[in-house]
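For reference, the chains in residue letters:
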Amino acid sequence: MSFLQISEKAGIARVALSRGKVNAVNETVVDELAECFRKLEEDRNIRAVILTGTGKFFTFGFDIPEFLGYAKNDFIRYLTKFTDFYTYLFTYPKPVIAALNGHTIAGGCMMAIACDYRIMVPGKAKISLNEIEFGSSLFAGSVELMKLWLGQRNAEAAMLGGTMFSVEEAHRLGLIDRIVPPEELEGEAEKTAARFAEKDAAAFRSIKKLLRKPLADDMKKRERDSILEFVDIWYSEATWRRLQEKVIHG
Amino acid sequence: MSFLQISEKAGIARVALSRGKVNAVNETVVDELAECFRKLEEDRNIRAVILTGTGKFFTFGFDIPEFLGYAKNDFIRYLTKFTDFYTYLFTYPKPVIAALNGHTIAGGCMMAIACDYRIMVPGKAKISLNEIEFGSSLFAGSVELMKLWLGQRNAEAAMLGGTMFSVEEAHRLGLIDRIVPPEELEGEAEKTAARFAEKDAAAFRSIKKLLRKPLADDMKKRERDSILEFVDIWYSEATWRRLQEKVIHG
Amino acid sequence: MSFLQISEKAGIARVALSRGKVNAVNETVVDELAECFRKLEEDRNIRAVILTGTGKFFTFGFDIPEFLGYAKNDFIRYLTKFTDFYTYLFTYPKPVIAALNGHTIAGGCMMAIACDYRIMVPGKAKISLNEIEFGSSLFAGSVELMKLWLGQRNAEAAMLGGTMFSVEEAHRLGLIDRIVPPEELEGEAEKTAARFAEKDAAAFRSIKKLLRKPLADDMKKRERDSILEFVDIWYSEATWRRLQEKVIHG
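Protein sequences, first through last, are from chains Y, S and X.
Each residue of the first sequence is one higher than the one before, counting from 1 in the working numbering.
Each residue of the second sequence is one higher than the one before, counting from 251 in the working numbering.
Each residue of the third sequence is one higher than the one before, counting from 501 in the working numbering.
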């Protein structure tokens, strides 16, 4: 794996995004995540997974400079893979703990909210689906997941307002389950994963499916259309110009 | 327009119900609202809409004395137009701010909860779907919208209990987003509308659709049956008698 | 009725589970409950129903020792009756108040959360769907009802974590509507039932249907598959062993 650091301790796998300073997500990252999680699903020794990042970011989201070089159809293929991955993560048969070591933005937030439990470090790190700020839409599934944790009202305020949540605010609203200092993040994630993993695996898988599969099925039905509309807006003149400015000015 | 006052300032349209003392909603009011919002949707200069009322009421709801003179089929036609209108409002492609200048009752509440943001004046004004108090049912869509903002538990208590919410209670429960004194209502509504309108219009439209269209589609499927049941109960002996008493005694 | 105590006062029926020390639910209990509620539905003198238990327990749930003697197909038949009953209860056309006189566990909790209002005594009594603790799954409908009152996040924590809620915690989270001392439980349940029952019966029935039937219909579609998966896990080696230990050691 080029962009993932994978380790294992006492039946708990740890998957860390590791790509440059901001762990920007590109197609290779998504391919590697999907492959890695498939393998961990099949691995009978693995009882739970921790998804985290290296450095100061969980991930800042999509690698926009790279995607500005993508043709429409290639971008649609990538987005299909990406949304398939977060939907797979949402109904993953084993516990998945998100250990959010820093900024959790856009595509990063979408992956985080598909996990079973979110632990985040305090301080300046933000969590958001603020795509509207640069004139981009979202995907049907990502909107549903935000609604699931925030409720309709706060989800609307967040996504129509482009809110960058502080960790504390995200915790107060239920988007983050727990805040721990950076030096305790790994230990706390392991403890939480172990707590989930001590349950009977078949019962856990079955109850999690009852809790989440109906929504995942509904997300899948609507995801394709939302990707096509997302792409139309992404390549529109106004949004394309903002994306280029974003790349130049950061 | 006979019963609407329409104005515009800096790309923000203001639509004010203006019909007698309580802004009672009849078929002409609904026809005018539907036509007015269609025109504002097409008007490229309009970036957001404020829906408000004149005088001390947003609206007290349906004009019951007038509807007591309606034959069943005419009432069904009216109710279809009315529920179509609030569903259209709920998925309106531009931001709609409800500036609730006073009592927001029954049909008035149904329109208010279809908007994107609700600002209300403090004091004695109530907001409620209290139809059960005079033995009337509700419409599928209006029930879904109450559930959306209040959650199942508070929505059940409100609609099965006929609760008349004070502004403060409605705010605490999430039915009202903000309380401002009457003299600041117009200015606050304009500021809020401008804040929504500064986002990219295509991204706003797309994200709002993702947030709301699945529920609106579901509402539409069930609205017709709920109207027919509503009408059966409305014209039942017990409810009809209560409606007539309500008209006589206020 | 062998295991139900049924009485009536001023149009309010009181149905009390009465089977041994813990009011364990078996097939006869479910058959009797279904028959009793059908009769009360048809009885024009009955305006509301209180569901409660005798002794220190509302009910501890299924009679596991008895069901360990059931063949798979018989157990499926029982579970179908049981889930049909709580779904029927959830959309019961008259008000149903749960007067929870003590522990409300597993199947007991499933019936309680299908009622319109839950009053519980303070103290040591717990309320929970903690099936995961002995490696059992749940039913689609019961999961939906927990999500309805707790929201997705707290429902997941409860059912994947096997949480035994104290009355106070359940009240704080919205699973319990009111806490009253044991000596006031009956009176408070009667007052609450009377308050619900004073509304127009046709309007109550219609609005309750709008509030709950769409979810009940969805529950029904998915219940059968969930029962089959529940049974597969129930009869699995690991869970079967735990059930037997539970019976021996309590």
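No lab work stands behind these hints, which were simulated from the structure alone.
Glycine included, C-beta positions come from ideal geometry on N, C-alpha and C.
Careful, some of the hints might be misleading.
Unchecked claim - Pairs of lysine-lysine residues, derived as BS3-like cross-links and limited to a Cα-Cα distance of at most 25 Å, are as follows:
id : chain 1 : residue 1 : chain 2 : residue 2
1  : Y       : K124      : Y       : K220
2  : X       : K699      : S       : K463
3  : X       : K581      : S       : K463
4  : Y       : K209      : Y       : K126
5  : X       : K721      : Y       : K220
6  : S       : K471      : X       : K624
7  : S       : K331      : X       : K539
8  : S       : K376      : Y       : K220
9  : Y       : K209      : X       : K699
10 : X       : K699      : S       : K376
11 : Y       : K213      : X       : K720
12 : Y       : K213      : S       : K376
13 : S       : K471      : X       : K720
As the list claims (entries may be wrong) - One side only, chain X facing chain S, incomplete, derived with CB under 8 Å:
id : residue
14 : R672
15 : L673
16 : G674
17 : I707
Quick rundown of the hints versus the structure:
Our distance criterion of 25 Å between C-alpha atoms is broken by K124/Y and K220/Y, whose separation comes to about 34 Å. Straight-line distance between C-alpha atoms of K699/X and K463/S comes to about 34 Å, which puts the hinted pair past the 25 Å bound. A threshold of 25 Å between alpha carbons decides the hint, and for K581/X with K463/S the separation of about 36 Å lies outside it, so the pair is violated. Between the alpha carbons of K209/Y and K126/Y the distance comes to roughly 30 Å, so the proposed pair goes past 25 Å and is violated.
With a C-alpha separation of about 19 Å, the suggested pair K721/X and K220/Y falls inside the 25 Å cut-off, and the hint holds. Between K471/S and K624/X the CA atoms are separated by roughly 46 Å; this puts the pair beyond 25 Å, and the hint is violated. The suggested pairing of K331/S with K539/X is violated, with an alpha-carbon distance near 40 Å, which exceeds 25 Å. With a C-alpha separation of about 41 Å, the suggested pair K376/S and K220/Y falls outside the 25 Å cut-off, and the hint is violated.
Proposed proximity of K209/Y and K699/X is contradicted: the alpha carbons are some 39 Å apart, above 25 Å. A threshold of 25 Å between alpha carbons decides the hint, and for K699/X with K376/S the separation of about 20 Å falls inside it, so the pair holds. Proximity of K213/Y to K720/X is assessed by CA-CA distance (about 16 Å); at most 25 Å being required, the pair is judged to hold. In summary, the hint linking K213/Y to K376/S is not supported, as the alpha carbons are separated by about 40 Å, beyond the 25 Å threshold.
Using a Cα cut-off of 25 Å, the hinted pair K471/S and K720/X holds, with the two alpha carbons roughly 19 Å apart. Interface restraint check for R672/X: the shortest CB-CB distance to chain S comes to about 13 Å, outside 8 Å, so the restraint is violated. Interface restraint check: L673/X against chain S, minimum CB-CB distance 10 Å, threshold 8 Å, status violated. Checking G674/X against chain S by beta carbon gives a least distance of about 5 Å; that is within 8 Å, so the hint holds.
A hinted interface residue such as I707/X counts as satisfied when its beta carbon comes closer than 8 Å to some beta carbon of chain S; here the least separation is about 5 Å, so the hint holds.
Of the numbered hints stated above, those contradicted by the structure are hints 1, 2, 3, 4, 6, 7, 8, 9, 12, 14 and 15, listed in ascending order.
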